[in-house]
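Participant: Line by line, the protein sequences are chains U and W. With the first letter of the first sequence counted as 1, position 89 gets the number 88 in numbering that gives the first Met the number 0; the numbers rise by one all the way through. With the first letter of the second sequence counted as 1, position 196 gets the number 195 in numbering that gives the first Met the number 0; the numbers rise by one all the way through.
If you are wondering where the hints come from, they were derived from the structure by calculation, not from laboratory data. Please note: incorrect hints may appear among the correct ones.
[Claimed, not checked] Stretches of chain W that chain U covers, calculated by requiring three or more beta carbons in the stretch to come under 8 Å of a beta carbon on chain U:
1. 132-141
2. 214-221
3. 301-311
[Said to hold, decoys possible] Heads up, simulated EDC-like pairs for lysine to aspartate or glutamate below, C-alpha to C-alpha not over 16 Å straight-line:
4. W:K225 to U:E584
5. W:K225 to U:E608
6. W:K64 to U:E608
7. W:K279 to W:D169
8. W:K109 to U:D644
[Stated by the list, open to error] Just a sample of chain U residues kept apart from chain W, beta carbon distances all over 12 Å, derived:
9. T196
10. N225
11. P598
Note that CB positions come from ideal geometry on N, CA and C, so glycine has one too.
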Amino acid sequence: MQKIGVFVCWCGSNIAATVDVKAVAEALKDEAGVVFSTDYQYMCSENGQAMIRQAIKDYGLTGIVVCSCSPRMHEATFRKTAVSAGLNPYMVEIANIREQCSWIHKDMAEGTEKAIVLARAAVAKLHRNAPLTAGTSPVTKRALVIGGGIAGIQTALDVADAGFEVDIVEKSPTIGGRMAQLDKTFPTLDCSACILTPKMVEAAQHEKINIISYAELESLSGFVGNFTATIRKKARYIDEDKCSGCGVCTEKCPSRKGLDDFNMRLNKRGAVYIPFAQAIPNVAVIDADQCIHFRTGKCGLCQKNCSAGAIDFEQKDQLIERQYGAIVVATGFKPIDASQFNEYAYNDSPDVVTSLEFERIMNAAGPTKGQLVRPSDLEHPHEIVFIQCVGSRCSEDAEKGKPYCSKICCMYTAKHAMLVREKYPDVNVHVFYIDARTPGKNFDEFYRRAVEQYGVDYIKGMVGKVSVEGKKLHVQGSDLLNGEQVHINADMVVLATAIEPDPTARSLGTMLTASMDTNDFFTEAHPKLRPVESPTAGVFLSGVAQGPKDIPETVAQAGAAAAKVIGLLAKNELTCNACVAHANEAVCNGCSQCERVCPYGAITYEDREIRTPEFRGVRRIATVNEAVCQGCGACTVTCPSGAMDLKGFTNRQIMSEVDAICR
Amino acid sequence: MQEMIVNRLRELLASGDYAGVIGWSKGETPFDRTPGLFTEKDLDRLCYDSFCGSNLSKYLIANAKDKKVIALLKPCDCYSFNQMCTEHRIQRENVYVIGVGCKGKIDGEKIRNGGIKGITGVSEEGDLLKIETLYGEKEISRKDVLLDKCLSCKGKEHKCADEVIGESEDTSVGNKYELVEKLDAMTPEERFEFWRGELSKCIRCNACRNACPACSCIKCVFDNPKSGVENKAAADDFEENLFHIIRAYHVAGRCTDCGECSRACPQGIPLHLLNRKIIKDINELYGDYQAGEEIGQRHPLTDFTFEDDEPSVVERRGGGK
């Protein structure tokens, strides 16, 4: 029989305001096995912990139940307290009477009743607890960064500078990401490429960084400190080691039908191409869908003209398997599809463009060599209308669009407006906005400069409709400050489209078992206190993959994620989870179902000699590698005969809890 | 066909490679066929006709453990056999499967329920059944008295046979989910009443479990005093009803829809509807899946693809109401 102590925490008024803590402590005194029960204002305080230690000694307690906040908060604290008083840490049970009780009840009587029930369940479970010992597992001192945009590059650089190896897996042929597509950056108006490309070069030259471009994560197994990733390096039909990036092939390629993704598909490119001048790696890639050789078996002009002999039509996808200790998700974003917003005539006129398209039009390396012209007739525009919040801040029940604020659009629209007015003072610029959000260092000053110095016409109100009228775009909107309808005959309309997570994020989240919100942004382990960690141990978050943010914020978060990665990789070994699964050989069927649901590959089978009253002989039995098992419990619920059980959360413990609750 | 089978078996057994053959013999009543392991010397007792409806694959767990045997399997039995091989309950190499032809098996109960009494013998002529009774000979069509499971026949192909003797026929008629859809359309209260009514007939004889090829655990949780649930099923009649629900969940994804549970139930509870509901859900959620189609399959509930539905599908489908 256990000797159990019950410690009921007030958590100041967090618990005590809705739960009669004295009544809970009193009621628990009558439970079988409970020899001591008390309450205290803050159990987690030094005094509270001293009280627990003292009681363990005075009453010879074999286990303790702490009725307090979620075990995610203080389970570790109380386990350490128990250890310091000579108890096994797994002889501690937490009854969560805060998050699961006081915070969700208003009525004192109800809250108290529920707290008593939860405490009884914990006592019932504790009766079946057994001391457990945790093992350790080694840490692979290498990080995997998924995504080679500014977030991924910065995290990789910081981790590599600390002396650890980093692999960057980038799905497109070059690193650089969205930032490489931008013309200028707010609020300083410095050239995006000028500040990004040195970082790209630094990453490429760093002896600890290995860039795996044109590649995607194919599968992942393992756990924190010991991930095994399979990376699919797509065939680019160019030998990366031989290609010098001279670009002769791209000039010779007779196919000119492919759309240039880097320039937001505003112009055409050859079937063999280098995404942009400063691409890293500076290696061409062949678009097999467009390539005449792949479509007809003829041509091969690039191959004939390549002096390095780098063209390899036979190249196949390559699978690379590597071990990692930590994984950083830096998958970034894409603008939402503007074609669903045809009220702005995006599908009807090429002169209605998204902001990122506009960014390329303004860029000297863009499709118009930086000349501001209308895509339809290449004429110089005189009236430009910017529309903000296209697809952002939509109501939850809207048919399209996102409920969140994309955060960067107010600032980049001010930037666009300012740049246009700076270079082309003859162009009138109108901005329709809901409200201008400028909470950042030097942001509001920047926005005010656009209005006050550059004379950008900011109109508070939304646009109802854009219609094509001859060569003009008729913009109908409302001016809320003046209470009137506005009609503008514009030459170009620029849509500040919302941003959304990259489409690969969802499947990646599933692969990493990293949780995501309803908008497919990765969620943090704690929204305030652990903002760069995923709830999945060993998975870290960097950049817009976690939520909309601008470049300085992204770089800051990338550094923070790197710090967390370094903290993990600096350890030589990690303490394993003691709550691992094990199979009862007397009832294991060897049916292989548990092996199939195990996300960590911890289960194997062996032919073992079994001697039970009912069976003697050799039988196929499941065995669990305790260093690999993470205690998720998937196997225990899959096992039809109940042979698989989880230490610390055995079927009997859980049934005891249920019985105590239903009593 | 019986003669062809017996001749072939005589040949195979004469080789000495096999310890025996799993088949049927005639039982006490005209409809009764008793499963058994036959050796060369009692082969003449072996019988194969339209009353051999039972699924023999499960007997292989015990009988093909450390010796080689021959099994007579109908097309539908092959699915169970494959499923058990997948689960390592049967060693495939220990079994020589003779696929036996099947044109649908007869349900003796249906003949009796049709009002024919005092039956002394039955013979077949094409699609007709000639039934000798104390009151003279009667004729009925085979099609009217097929086993329920034959009405949702999975096809005439043997999915695991080393050789096939005799012709088979697909006897499926109509939509096999008709009754499940009817249950789906009920209100939760109506459905609860329906199942309470059906399951209250249960006498816990465990025939369903013992006949079920998916219920092949060495030790069933309901028989295991250490499982913590074995007494629960006996606590009251409601808990006892849950026995069947839990059993349906234990075989979810592995049930081949062989229909043995309902066929074996002496109380006539349509237990297969529980399993078929789960099969229908699996098919709708993860695409059509047939357990036991081949050895080594991963069933959708223990498998994962990126196309799998997110858990929110439950809400979308109106769950949780």
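Participant: The structure should be examined with respect to each hint, and the outcome stated for every one.
Facilitator: Structure-based check of each hint:
Counting residues of the region 132-141 of chain W whose C-beta sits closer than 8 Å to any C-beta of chain U gives 0, which falls short of three, so the coverage hint is violated. Figure legend: the region 214-221 of chain W, annotated as covered by chain U; annotation consistent (6 residues with Cβ-Cβ distances under 8 Å, at least 3 required). Counting residues of the region 301-311 of chain W whose beta carbon lies closer than 8 Å to any beta carbon of chain U gives 3, which reaches the threshold of three, so the coverage claim holds. Distance hint between K225 (chain W) and E584 (chain U) is fulfilled; the C-alpha atoms sit about 13 Å from each other, no more than 16 Å.
In summary, the hint linking K225 (chain W) to E608 (chain U) is not supported, as the alpha carbons are separated by about 21 Å, beyond the 16 Å threshold. Between K64 (chain W) and E608 (chain U) the CA atoms are separated by roughly 15 Å; this keeps the pair inside 16 Å, and the hint holds. Distance check on the hinted pair: K279 (chain W) and D169 (chain W) sit about 21 Å apart at the alpha-carbon level, beyond 16 Å; violated. Taking the CA atoms of K109 (chain W) and D644 (chain U), the gap is about 46 Å. The hint is violated against a cut of 16 Å.
Against the 12 Å criterion, T196 (chain U) stays outside the reach of chain W, whose nearest CB is about 35 Å from its own CB. Listed as a non-interface residue, N225 (chain U) keeps its Cβ farther than 12 Å from every Cβ of chain W; the least gap is roughly 20 Å. Taking the minimum C-beta to C-beta distance to chain W, about 9 Å, the non-interface status of P598 (chain U) is violated against the 12 Å cut.
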